[in-house]
Structure formats: C-alpha cells, structure tokens
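Residues per chain are reported as follows:
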Amino acid sequence: MNNLLSVNSVRFIVLVLIQVLIFNNINFLGYINPYPYILFIAFFPVKSNRAIIILLGFLLGIIIDMFLDSGGINAAACVFIAYARPLILKFSFGTMYEHHNIKFGAVDFGSKITYITLLVVLHHIILFSLEIFSLSKIILVIQKTLFSSIFTILLSIIITIIFSRKSK
Amino acid sequence: MQQIINFIIRNKNFLLFFVLFSISILFTIQSHSYHKSKFINSANFVTGGIYNSVNNISTYFNLKSQNRLLFEENKRLKSLLYNSKNIAKADSLDSLNAPYYFSNAQVIKNNYSATDNVLLINKGTNDSIKQDFGVITTEGIVGIVDKVSGNYATVISILNTTSSISAQLKKTNHYGSLTWDAKNPALVQLTDIPKIAKVLVGDTIVTSGQSSIFPKNIPIGVVENYELDDAENYYEINVKLFNDMTNLEHVYIIENINKPEITNLLNE
Chain A
282 MNNLLSVNSV
292 RFIVLVLIQV
302 LIFNNINFLG
312 YINPYPYILF
322 IAFFPVKSNR
332 AIIILLGFLL
342 GIIIDMFLDS
352 GGINAAACVF
362 IAYARPLILK
372 FSFGTMYEHH
382 NIKFGAVDFG
392 SKITYITLLV
402 VLHHIILFSL
412 EIFSLSKIIL
422 VIQKTLFSSI
432 FTILLSIIIT
442 IIFSRKSK
Chain B
285 MQQIINFIIR
295 NKNFLLFFVL
305 FSISILFTIQ
315 SHSYHKSKFI
325 NSANFVTGGI
335 YNSVNNISTY
345 FNLKSQNRLL
355 FEENKRLKSL
365 LYNSKNIAKA
375 DSLDSLNAPY
385 YFSNAQVIKN
395 NYSATDNVLL
405 INKGTNDSIK
415 QDFGVITTEG
425 IVGIVDKVSG
435 NYATVISILN
445 TTSSISAQLK
455 KTNHYGSLTW
465 DAKNPALVQL
475 TDIPKIAKVL
485 VGDTIVTSGQ
495 SSIFPKNIPI
505 GVVENYELDD
515 AENYYEINVK
525 LFNDMTNLEH
535 VYIIENINKP
545 EITNLLNE
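Heads up: the sequence lines are chains A and B, in that order. Each step along the first sequence adds one to the number in my numbering, with nothing skipped, and position 87 is 368. Each step along the second sequence adds one to the number in my numbering, with nothing skipped, and position 17 is 301.
No lab work stands behind these hints, which were simulated from the structure alone. Glycine included, each C-beta is placed from N, C-alpha and C at the ideal position. Some hints could be false.
Stated by the list, open to error - Facing chain A, a subset of chain B residues (Cβ under 10 Å, in silico): (1) F311; (2) H316; (3) Y396; (4) N509; (5) Y510.
Stated by the list, open to error - In the DSS-like style, the derived pairs of lysine-lysine whose C-alpha atoms are separated by at most 30 Å in a straight line are: (6) B:K454 with B:K543; (7) A:K418 with B:K348; (8) B:K454 with B:K359; (9) A:K393 with B:K455; (10) B:K479 with B:K454; (11) A:K384 with B:K296; (12) B:K543 with B:K414; (13) B:K296 with A:K328; (14) B:K348 with B:K524; (15) A:K418 with B:K479; (16) B:K362 with B:K524; (17) B:K296 with A:K371; (18) A:K418 with B:K524; (19) B:K359 with B:K455.
With the rest of the complex left out, here is chain A:
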C-alpha cells in the first residue's frame, strides 16, 4: 500500500512537470500539443475507491490549469474521464474488469489501446470545447481534438511500452 502511494505520488508530480515544461511547448504545426498527463488517471489502481480518483483527477487538472492559465478546462475534462473510467474499463476489458483483476502490465495490447484511445478522445473533446467555448468555431474544436488526440495516443502508447518493460 505504501509502495502504491509513493509510486502514484511520484507519477503525479513527474507527469505534471513534464506536461507543463515540455509537452506544452511542442506546438507541432503551430498548435498541436499532446496531453499525456492523463495517463495518471488511466493507470490509477482499478480497485481503489471511485471518489478518490475523481478528487485526484480534479486536483491534477486544476494544477495543470494553474500552470497554463487556462481557467478550469483541464480540471473539467479530468473529472469527467475520472468519473467515466469504470464504464470505459468495462467496455475495453469486458469480463476481466468484472472480476476486478486487471493488471495493466498483463492485459491484452489491443484492449489497452482501445482503453487509452477512448479516454484520450473523451478528454480532448471536453478540453477543446471548453477552451474554444463557442459553437460557431466547432470546426476548430474538431480539428484540434483530432490532431491532438492522435499525438497524445501515440505518445501515451510509447510511454506505456517503455515503462511497462522496466517494471518487470
């Protein structure tokens, strides 16, 4: 339990710092930035209390917002995916989730991709619709969501591959 706490705290701090100091300065093609910090929510222990992950999601989002001066858009998106996570887990891993024995190191690679993709797309849709905050610019919302999602998903998969091997 103590180990779990320290691993998650370190992950929290490292992901926030990497996000605000590196990934938000990439600006690929002028405006495309990845947001892989949501991997914290994605790989938070499944068995834990649902209220804790929602609270931590809010904390994570609000800290990112503080760094980026973006109001509460990251907090809203994070709280939403933290709340919706059980549904997405059920959809991507099926029966395995119902028996409560998912270990992210050992699951099927395909369903892992589905899981990350769903979380990222959901997060980005909320993030960019709140950021742009105008129905007349819906094309811009879709465009940003699409490109940033692709970038985030690729990066998240690379990060999970690198770090899942180290832990074994």
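Keeping the supplied structure of chain A fixed, place chain B upon it in accordance with the hints.
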C-alpha cells in the same frame, strides 16, 4: 431525512463528480471574462518559481537571436540619437513621452497555441507593476498585464480571444479594435474600421492611444488583406504582426502615470 441521507450516500460519486465538474466550469467561465479569474493563475510563488528556474536554463538556447534583436534596437536608437540635429525637437519629444514610464522584464512562459493565451513575466508588485499596464517589445505590442503577484505577473497576450486593444491606421485617424480569431499566431484582426476609411494592403497599423494603456503610435503590423463585414458598414482587416509572438524574451512594461487621473475623470 433518512431518505435524503440515503440518497446522498447512494449517489455520492455522482454528486462529487457533479460538484467538482461545476467548479471547473465556473473557473472556465470566469477565465473567459476579462479580469475575472481569481484563483487559478500562474502568477504565484510555486508555478512562477518553477517557470523561472527552468527559464534560467532555456534562455541560453536563444541567446543569439535575442542578442541580435537587442543589437538592432540599439542601432536604431543610436541612429535616432546622433541624427537628431535639432536639440529642441529632442527635448519636446522627451516631454511628450514623459507621462509614460518604461521598465523591462523577461517573458518566462510564452504561449501561442491555445485560444486564450497568457504569458508570464518575471516582474510583479515588488517592481511596482500593476494591472492594466501595457507590454511591448522593440517591434510591436504584446499584451496587457492581468494578474500580479510579488515577483510575477500574467500578461493577456494579443493572441487571446478576450483581448481587445484600440488600434488605428497610421495614415488616417480611423480607429477600431484589435481582436484575434485563434487561427494564426502571426495574424490578428482589426474590426470596426468605418467603410469610409481608405484601406490598402501594406498600410501600417499602430496603437491609437485612446485606451490610456498604450501611448499613441506604437507599431503593431501591416494590413495583409481586408474585406467588408456582413453588414457592409465596417472593414475587417487581417493584420500581419511586426513582432514574432512565438519568440519573445525581452519586453518592456509601460506605465501611464496619468492613468488614475484619466480613469477618475471618465468614471465621474
């Protein structure tokens, strides 16, 4: 009563989600209205400190280009200084500029990819920086100071959909407001220029000096293209900025010493 408590316990996750989500939306809406966001900004001890220490390292990477910019400005100012034959004219220029006090600062966080971009500079109330001071570079305008802490201040960039700065054509005095459509960090939009004004591609756009934040005649950019708006009464002009908003380092903060007097007068 029992049932209400039961209901809360049963739906505690949803209620928690709902409360936190509403708080986030509230912060978002506040950040979309000018000068309203209260708690969530990067001009505080922790975020400012982290950005500052990282910026100490990353400034070395563009020392060369920043040096060149400062060098060119020095050259321009030197040529102004030694070519001013009429000393009396120079004096009058000085007295014209007297109501504005300049101080320098460094941008420690630049941002141009979002729709509401906010910069962070390393000067704050300890350097007597206050809200609504103008920020410019040697080439053009950057934005307006928003939140200020002890050592840091956030700047609402001109690349922000909520910012609106008064600007005019240099050759005539037709003025309008400068906004941004969030598409290209090199182009901003000048709206509300009356149809009667003669606009040409390549015309220079400068600040109008009507807002008491920026002095008159600070260069902004040139007209890239223009068209009439839907009602066909006003021009919508795309302005190509002189300064490169993606490469900002040294900026100047302008304080209008007469501003309290002007705002007092207008509020009466």
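Now for the hints, and whether the structure bears them out:
The restraint placing F311 (chain B) at the interface with chain A holds, with a minimum CB-CB distance near 3 Å, inside the 10 Å limit. Taken as an interface hint, H316 (chain B) checks out: its beta carbon lies about 6 Å from the nearest beta carbon of chain A, inside 10 Å. Because the closest C-beta pair between Y396 (chain B) and chain A is about 7 Å apart, less than 10 Å, the hint holds. Evaluation of the N509 (chain B) hint against chain A yields a violated restraint, the C-beta minimum of about 19 Å exceeding 10 Å.
Given the 10 Å rule on beta carbons, the hint for Y510 (chain B) is violated: about 21 Å separates it from the nearest Cβ of chain A. Distance hint between K454 (chain B) and K543 (chain B) is fulfilled; the C-alpha atoms sit about 23 Å from each other, no more than 30 Å. In summary, the hint linking K418 (chain A) to K348 (chain B) is not supported, as the alpha carbons are separated by about 39 Å, beyond the 30 Å threshold. In summary, the hint linking K454 (chain B) to K359 (chain B) is supported, as the alpha carbons are separated by about 24 Å, within the 30 Å threshold.
Distance restraint check for K393 (chain A) and K455 (chain B): the Cα-Cα separation of roughly 62 Å exceeds the 30 Å cut-off, and the hinted pair is therefore not satisfied. For the hint linking K479 (chain B) to K454 (chain B), the alpha-carbon distance of about 16 Å falls within 30 Å, and the restraint holds. Our distance criterion of 30 Å between C-alpha atoms is met by K384 (chain A) and K296 (chain B), whose separation comes to about 27 Å. Taking the CA atoms of K543 (chain B) and K414 (chain B), the gap is about 12 Å. The hint holds against a cut of 30 Å.
Simply put, K296 (chain B) and K328 (chain A) have alpha-carbon atoms about 17 Å apart, close enough for the 30 Å limit, and the pair holds. The hinted pair formed by K348 (chain B) and K524 (chain B) meets the criterion: a straight-line CA distance of about 25 Å does not exceed 30 Å. Of the pairs offered as hints, the one joining K418 (chain A) and K479 (chain B) holds, with about 26 Å between alpha carbons and a cut-off of 30 Å not exceeded. In summary, the hint linking K362 (chain B) to K524 (chain B) is supported, as the alpha carbons are separated by about 27 Å, within the 30 Å threshold.
Between K296 (chain B) and K371 (chain A), the direct Cα distance comes to roughly 21 Å. Compliance with the 30 Å bound is thereby established for this hinted pair. Note on K418 (chain A) and K524 (chain B): the hinted pairing holds, with a Cα-Cα distance of about 22 Å set against a maximum of 30 Å. Straight-line distance between C-alpha atoms of K359 (chain B) and K455 (chain B) comes to about 26 Å, which keeps the hinted pair within the 30 Å bound.
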